[in-house]
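The listed protein sequences derive, respectively, from chains A and B. Letter by letter, the first sequence follows residues 1 to 333 in our numbering. Letter by letter, the second sequence follows residues 1 to 333 in our numbering.
Treat the hints with care, as some may be off.
Any copy, or any two copies together, can satisfy a pair, since identical chains are not distinguished.
With a Cα cut of at most 27 Å, we get these calculated DSSO-like pairs of lysine-lysine [unchecked claim]:
no., residue 1, residue 2
1, Lys301, Lys28
2, Lys196, Lys81
3, Lys330, Lys96
4, Lys330, Lys136
5, Lys28, Lys331
6, Lys107, Lys276
7, Lys42, Lys256
8, Lys17, Lys255
9, Lys17, Lys301
No wet-lab data here; the hints were simulated from the structure. No experiment lies behind these values; they were computed from the predicted model shown.
There are 2 protein chains.
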Amino acid sequence: MKALIIGFGFIGRDLVKAFYEKKDAIRKIDRDFKVIGVSHSKGYLHNDEGLDLQRLQHIKNLEDYGSSYHAGESSLGLIEKSEADLMVEATPTRIKDGEPGLTFIRKALNSGISVVTSNKGPLVVAFHELTRLAEKNGCELLYEGTVAGAIPIFSLVRECLQGDRVLRISGILNGTTNYILSRMYFDEMSFELALKEAQERGISERDSSYDVDGIDAACKVVILANALMNRNVKFEDVEITGIRGITQEALSLAKKSNFAIKLIGTIDSTLEVAPKLVPINHPLCVHGTLNAVHLETDLAKEITLVGYGAGRETVSAVLNDVLTVLRKKKKAA
Amino acid sequence: MKALIIGFGFIGRDLVKAFYEKKDAIRKIDRDFKVIGVSHSKGYLHNDEGLDLQRLQHIKNLEDYGSSYHAGESSLGLIEKSEADLMVEATPTRIKDGEPGLTFIRKALNSGISVVTSNKGPLVVAFHELTRLAEKNGCELLYEGTVAGAIPIFSLVRECLQGDRVLRISGILNGTTNYILSRMYFDEMSFELALKEAQERGISERDSSYDVDGIDAACKVVILANALMNRNVKFEDVEITGIRGITQEALSLAKKSNFAIKLIGTIDSTLEVAPKLVPINHPLCVHGTLNAVHLETDLAKEITLVGYGAGRETVSAVLNDVLTVLRKKKKAA
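Assemble the whole structure, with the sequences as input and the hints as a guide.
And the structure:
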């Protein structure tokens, strides 16, 4: 298989590193796997014979690779002209219109190229359009990295709970707000100071509103509802309350009764993101930058999955999606 | 596919019910799926045209089904004479020699019949023998229900963490001891009283030593180590300390420092089952009859999976294994 990586931020870079370090395991599934193109907003690398992953993992900017770099050309051009079978889309999230990822994903699927994405934007805007497009073109569309980072919630339901029906989902879906609430809860820090610390430590997005006002969590609620509960919902369908109103007083009252306050996304008869009291002994009650997803199902009853919801660990989810595509295409071949 | 169910205890019975309730979903994978035989220690039902699942789910004893019952005949005979492609083995666990399940599984795999089992015994005694036997005969051997009940830990690692290397596993692997320790911790109950309550509520096995002295958890450690960490270990390799020595004093000291005491199975450079102090904020620190498995991996770093570790929820794991076999055989066909 020939793969493209669209976007060379930390996920693109970490994926190259993982491809290189795990090359023997990958070869066991697909002897001919290679990365033939990598793009960023300013141009792309392209070599149909395969790029040198060892060299690629050590450069900071694509320009530094040397030959094969096409300055000023667009990712769309790379998708069009390459002979890729798989595209990993890891451009920045823009939830308003899903761009530029949405255009890239549409282009790839329409060209019969399977897509693995870690970008929430396109899925929030056009989940059902894109899954139908993938089906129509006989491609895979996998997006494990879009929700709760390294937590493999979509493949868990798809592969490990095949016989279960998901009845309800609730989760801590944003690591930044969980970090802030944990600092306020355990260390009696003010909201402002905890937010500042999160920003300084690189835990918060530059625009803190995206995390703090529950927008990021709401995007994840939309994707979970569409993917795991057969809904057809949009961002506007989520009732959102962020964590700006959480006071030290509220937290210490909660603490006295053995509760914590967590920003919880819920998919039930309604879709909601709001601060909730969670018993400290509940499996969902995890702290720091951890995320947790709690499933209620008909057979297993309750399953909770906990892990890192953002950052470098997300490469685990993206790599798992890539290997899933390799395996499926191998079987189909 | 034609399936046998060996053992008609609560797992066998719940599986029949699940097959019946989910018949439409199963038919989507395999239009010809049927259960052609069900056995218990006193005889078996057999009908190569398929048994009536609706009738089967309402009877308490196989004899009550009516026709097709062969009194006094052995499960081995059923495996030999039927034309099954799949056997669900759900006989009682005996960890000393893995029997009678071990003989049934060997027989099935040698006859090219794929096996799904919820029985720890055969896997503790002969893990590598059986996995090699399955491979040699082109069969599947799946055992999700053997460890931590409804928690799909084996399929999680196999399907959702394909690119990750598991470096360390720790877990609460026995619901009975977790129930006892939770009652002692939260309600200041004595060990004896908590054990008695667990027995009265049907949470403890008849022989409480199996749970309380860590034997059950040690069996699970052996299977996890062999299946997920490429080890070749036996029951004797696990250092085991049970929970009989845990006093009310120890628990209240732990509580004062924000720890709980949990019976933890660990797979690291050594294999161990022993009571450990666990910070109450750690994702592994779950209570009541819940189980939890904490994985440390190279990419995702930390993933914790929480769910019910025994009882009726286990049918989720067994059904998932069955559906996995149906899917694989469909692809291969």
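For this structure, which hints from the list above don't hold up? Per hint list: 2, 3, 6, 7, 8 violated.
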